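Using the sequences plus the hints, can you model the full thing?
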Amino acid sequence: MNQIIAILIQIIFVLIIAPFASGLVRFFKARLQGRKGASPFLPYITLATLLRKEMVISETTSWIFRVVPFVVLSSVIFLSAVIPLIFSGISNVFMSDFLVIAGILSIGSIFLVLGGLDAGSAFGGMGSSREMTISALLEPVIIMIFATVSFVTKEFTIDGMLTSPTVFAPYLILTIIALILVALAENARYPVDNPDTHLELTMVHEAMLLEYSGKYLALLEYASSIKLVVFSLLIANFIFPLTLVGASSWGIGGLVIGLCLSLIKIIIAMFTLAFLESILVKMRFYRMSEYFSIAFVVAFLGMVIALLTNIAGIIVQYHSLFAIFSVICVAILFGRVRLKAILRYYAVSSLALAGVAWGLIPLVPEAEKINLWLFAIFTIITKVWAVPYVINRSSHAKKSLTNLPSFLRPGKSYFLAIIILIATYFILENISITGLEKWNALIYASVALIVLGIAMMIIKRNVFSQIVGLLVIENGIAVFVLATIGSLPIVIEFGVFAVAVATAYILSILSAQIGELYGSIDTEDLCELTE
Amino acid sequence: MNPSILIISFLLAFFFSIILKKEKTVKLSNLFFSLLGGLSFIVYAVIFLFSSRDKWISSWWMMDNFSALMIILIACIYIFSIIVSVRYIGHEYEEKIITLAQYKMYFALFQLFALCMFLVVITNNSLVLWLMMEGTTLSSTFLVGLYRKKTSIEAAWKYMILCSTGISLGLAGILLLSYGAHMGGLEESHIFLLSSLAENAGLIPQNIIRLAFVFLFIGFGTKAGLAPMHTWLPDAHSKAPSPVSAIFSAVLLNVALYAILRFKFIVDSAFLDSVWTNHLFLIFGFSSIILSALMMLIQTNYKRMLAYSSIEHMGIILFSLGLSPLGAVAGVMHMIGHTFAKSALFFGAGEILIQWKTTKIAKIKNMLKYSKYTGVLFILGIVAIIAIPPSALFISEFGMFAQSIAAYPITSIILFIALGIIAYAMLSLSIKMIFNVEEENNGEFKTQKEKWNITHSIIVFEFIILIGLAFWFTTANAEILIDKIVKSFLFIK
Numbered sequence: 001m002n003q004i005i006a007i008l009i010q011i012i013f014v015l016i017i018a019p020f021a022s023g024l025v026r027f028f029k030a031r032l033q034g035r036k037g038a039s040p041f042l043p044y045i046t047l048a049t050l051l052r053k054e055m056v057i058s059e060t061t062s063w064i065f066r067v068v069p070f071v072v073l074s075s076v077i078f079l080s081a082v083i084p085l086i087f088s089g090i091s092n093v094f095m096s097d098f099l100v101i102a103g104i105l106s107i108g109s110i111f112l113v114l115g116g117l118d119a120g121s122a123f124g125g126m127g128s129s130r131e132m133t134i135s136a137l138l139e140p141v142i143i144m145i146f147a148t149v150s151f152v153t154k155e156f157t158i159d160g161m162l163t164s165p166t167v168f169a170p171y172l173i174l175t176i177i178a179l180i181l182v183a184l185a186e187n188a189r190y191p192v193d194n195p196d197t198h199l200e201l202t203m204v205h206e207a208m209l210l211e212y213s214g215k216y217l218a219l220l221e222y223a224s225s226i227k228l229v230v231f232s233l234l235i236a237n238f239i240f241p242l243t244l245v246g247a248s249s250w251g252i253g254g255l256v257i258g259l260c261l262s263l264i265k266i267i268i269a270m271f272t273l274a275f276l277e278s279i280l281v282k283m284r285f286y287r288m289s290e291y292f293s294i295a296f297v298v299a300f301l302g303m304v305i306a307l308l309t310n311i312a313g314i315i316v317q318y319h320s321l322f323a324i325f326s327v328i329c330v331a332i333l334f335g336r337v338r339l340k341a342i343l344r345y346y347a348v349s350s351l352a353l354a355g356v357a358w359g360l361i362p363l364v365p366e367a368e369k370i371n372l373w374l375f376a377i378f379t380i381i382t383k384v385w386a387v388p389y390v391i392n393r394s395s396h397a398k399k400s401l402t403n404l405p406s407f408l409r410p411g412k413s414y415f416l417a418i419i420i421l422i423a424t425y426f427i428l429e430n431i432s433i434t435g436l437e438k439w440n441a442l443i444y445a446s447v448a449l450i451v452l453g454i455a456m457m458i459i460k461r462n463v464f465s466q467i468v469g470l471l472v473i474e475n476g477i478a479v480f481v482l483a484t485i486g487s488l489p490i491v492i493e494f495g496v497f498a499v500a501v502a503t504a505y506i507l508s509i510l511s512a513q514i515g516e517l518y519g520s521i522d523t524e525d526l527c528e529l530t531e
Numbered sequence: 001m002n003p004s005i006l007i008i009s010f011l012l013a014f015f016f017s018i019i020l021k022k023e024k025t026v027k028l029s030n031l032f033f034s035l036l037g038g039l040s041f042i043v044y045a046v047i048f049l050f051s052s053r054d055k056w057i058s059s060w061w062m063m064d065n066f067s068a069l070m071i072i073l074i075a076c077i078y079i080f081s082i083i084v085s086v087r088y089i090g091h092e093y094e095e096k097i098i099t100l101a102q103y104k105m106y107f108a109l110f111q112l113f114a115l116c117m118f119l120v121v122i123t124n125n126s127l128v129l130w131l132m133m134e135g136t137t138l139s140s141t142f143l144v145g146l147y148r149k150k151t152s153i154e155a156a157w158k159y160m161i162l163c164s165t166g167i168s169l170g171l172a173g174i175l176l177l178s179y180g181a182h183m184g185g186l187e188e189s190h191i192f193l194l195s196s197l198a199e200n201a202g203l204i205p206q207n208i209i210r211l212a213f214v215f216l217f218i219g220f221g222t223k224a225g226l227a228p229m230h231t232w233l234p235d236a237h238s239k240a241p242s243p244v245s246a247i248f249s250a251v252l253l254n255v256a257l258y259a260i261l262r263f264k265f266i267v268d269s270a271f272l273d274s275v276w277t278n279h280l281f282l283i284f285g286f287s288s289i290i291l292s293a294l295m296m297l298i299q300t301n302y303k304r305m306l307a308y309s310s311i312e313h314m315g316i317i318l319f320s321l322g323l324s325p326l327g328a329v330a331g332v333m334h335m336i337g338h339t340f341a342k343s344a345l346f347f348g349a350g351e352i353l354i355q356w357k358t359t360k361i362a363k364i365k366n367m368l369k370y371s372k373y374t375g376v377l378f379i380l381g382i383v384a385i386i387a388i389p390p391s392a393l394f395i396s397e398f399g400m401f402a403q404s405i406a407a408y409p410i411t412s413i414i415l416f417i418a419l420g421i422i423a424y425a426m427l428s429l430s431i432k433m434i435f436n437v438e439e440e441n442n443g444e445f446k447t448q449k450e451k452w453n454i455t456h457s458i459i460v461f462e463f464i465i466l467i468g469l470a471f472w473f474t475t476a477n478a479e480i481l482i483d484k485i486v487k488s489f490l491f492i493k
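Residue numbers (our numbering), protein chains in the order written: chain A, 1 to 531; chain B, 1 to 493.
Note that these hints are calculated values from the structure, not bench results. Small disclaimer: the values here were computed from a predicted structure and weren't measured.
Looking from chain B toward chain A, a few residues come up when the C-beta cut is under 7 Å (computed): (1) T151; (2) E154; (3) A156; (4) I161; (5) S164; (6) A172; (7) D235.
Estimated spans, in silico, between C-beta atoms of each pair: (8) A:C527 / B:I283: 27 to 35 Å; (9) A:I381 / B:L427: 50 to 58 Å; (10) B:K357 / A:A423: 50 to 58 Å; (11) A:I268 / B:S189: 43 to 51 Å; (12) A:A386 / B:R148: 21 to 29 Å; (13) A:I268 / B:E188: 40 to 48 Å; (14) B:T475 / A:N430: 54 to 62 Å; (15) B:H91 / A:C527: 25 to 33 Å; (16) B:K432 / A:A341: 50 to 58 Å.
From the three backbone atoms N, C-alpha and C, an ideal C-beta is built for every residue, glycine too.
Now the structure itself:
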């Protein structure tokens, strides 16, 4: 009995909160963009208005057109019933098998596509074709994500995954990132789709709804808000699985707490979404494949690490994950040509470096913890903020010079970076330094960073790449510090970071002077002194 | 006595250089504080050197006879360079080559630069040593690039990029060493102390120490201008203002070498044998000498010629140290002699540059007529640097060959030829400048007669020291003292 009430509460909560959630996104977005924005409760009124309006249905449509809104709405209501959003362990858990979920999602989108096609208008067909392309790319990623989690937790149902204790495994971060990417696409948000416009160039989801009006439109809009709520709660639950209320035994107190937590989750998720939509732009449709390949690669990496961990017995911890992430950022930076992009990747790589220190905190003795905290904070202040800021400011004066051509085209640069990474791996495999096996991944990351930095200084012959190369070497040394000594005395640590900032400052002044005097930043031009 | 009190004078000089608004007050404050700081360091070191104490160690400071020697060298050249700077940079300020802001920046950075070098040689903490080494690079980059011209900015750029990269690798070496010590069971608070590393070197696993020393040698070797990593050196030396070139060539390279030697001591104590490190020293020393011999022949710029000569002398010092224990005495003597001879030459080069406004050898003619004091002193300096007696360098090079001819006869003969080539090249280039009397482009330069100035006095003073040293080196007293110095940094079985 308890359980059935739980299901009902969950469904009703989701149904009630859904229009508020989509109103909230618009509200936050308006505030972030400096507008006052409409009340977050506006969608309720919109839906009510639509429900009272007359419907105009094209004569050429068949029964499919009329069925679509009901199928789509019932598919999302089904999702809100079976996925553990507020309660875990509800009686219909066996139905939240991840294949079933993926199937239900597909049914919804297939009917939406058919509805778009049925009226025979140009826009509907275009939207349907785009939607099909996207969902074809999306499908494998969803399966991959849930397969990974399912493999780690040895459960097939989403409910089981969330209640399993192993859901805390660090490498699932990758899977969750992939899940967020998928959720953005599935809900037709930025950067895949623009939910706000009816422009021919940008719309995907809206194009399919274009022929609907009145009550049917209300149902479809309602369905898409429900889907947004379901996905945001699901992601929040993957990140904080302990916030679920057990369905078999709950009291009024637990229920209130659970509902409050869900509300907070929705508000935070909507704020994050609004923030993302304010800083991102929509991608061109033909670049969408890149987006999905990133999602796929991330999900795939998550799966590979999961398999390695469980089969080969390699335990992946936070610090190694961050170290590898830091190296990957530098490898991506390798092929970039715009200084801004390079600095951004450098900053992210440094952030991952702070993450390494953070990941090491639980593993070291009590006395060293404070040092690692300081290390992480110093890294964020100096290398994530100060150093990129200083370099960026000096490059501002010469806007035309911020494209950094290299000998190698981006493709070849990436190839070189990968070769370096592999070569480093095999060389390190063959050299064994006594006692350094403990932090294998960190040693690898530091050597890889140093080698990549040196390679960058050699193959990219312009001043800014040389600066970034030097900074990457410094990051490599910092990882090396963490891998060997763990932490330096505080005075010295302060000095080391001061040196990093001073180096960046001096080099950026010099590079500005070079740009001024030589009119270029190519180091090939620095050849006046060759006698 | 804690040397941290002496640091205050440098910091005061730094702040006064920034705060004071007039050229004259900046000049006076710098002269005052450099004399105060430099002389007190000299007194401090001399007292230490002649006292019976061999070592004074705390958790931050380490003072032994070798440090004392380095302090004396740094302090002497520091005082001389500040005095010459006042004349040289003051002249450029009057000629409106540099602005007041640059003038103030020059002195402020110069003080920081000198302070960093002092701290390198008296610290006991390997990380402080690294920080200060990097500090010398950071503070002197704008000294190299003082004139905002294409060439000087390029030289500064190369200097900064190469040395920073090199020293970053040096840090990796230091970390490896400390990590090895940590694994060997040394206490957490002692793993960065040079003194405890040296005492407990046996605990460090040997493969780690080998790897660490390679990093350290490459890293600090870049700063010391050893042969394959030397490329920044001729550029920076030729483009920096002459007093800066002088302090670079005479002291900075030695300071970098000091760092290598400190770590060499640790490595040798770990291996209980110095064969491996000595071989590294011999190879790099040999290649430095050969490289500069080859490059010297094609020089067209007198400051670059002096820069290559610095590489050569670094090579000689390294080679002598590689012949330790006996060659090390010659190495130390050479270090002392080279410091004074080379700084005198760079001061002279600065005077030539002021008067002739060019660094090209071909454009300078008949110096005996137009700048007779500088001309005579410059040729005397060249004679001293190519080790013609009674220069102190003669004694050290003689000592080196006396050792090496027995151990490595063929190498020694090659080196002898190389030194001959260098001597020939330097003499022929400077004789062209001084005695060539063709006057085809007579109208181009002013025929203003040169007056005796403070730089000439400093150069003469340095020559007196050099000759005095030559005689003193042959006495038994000196032998005992230098032996004492050598013993403090050299591992002897």
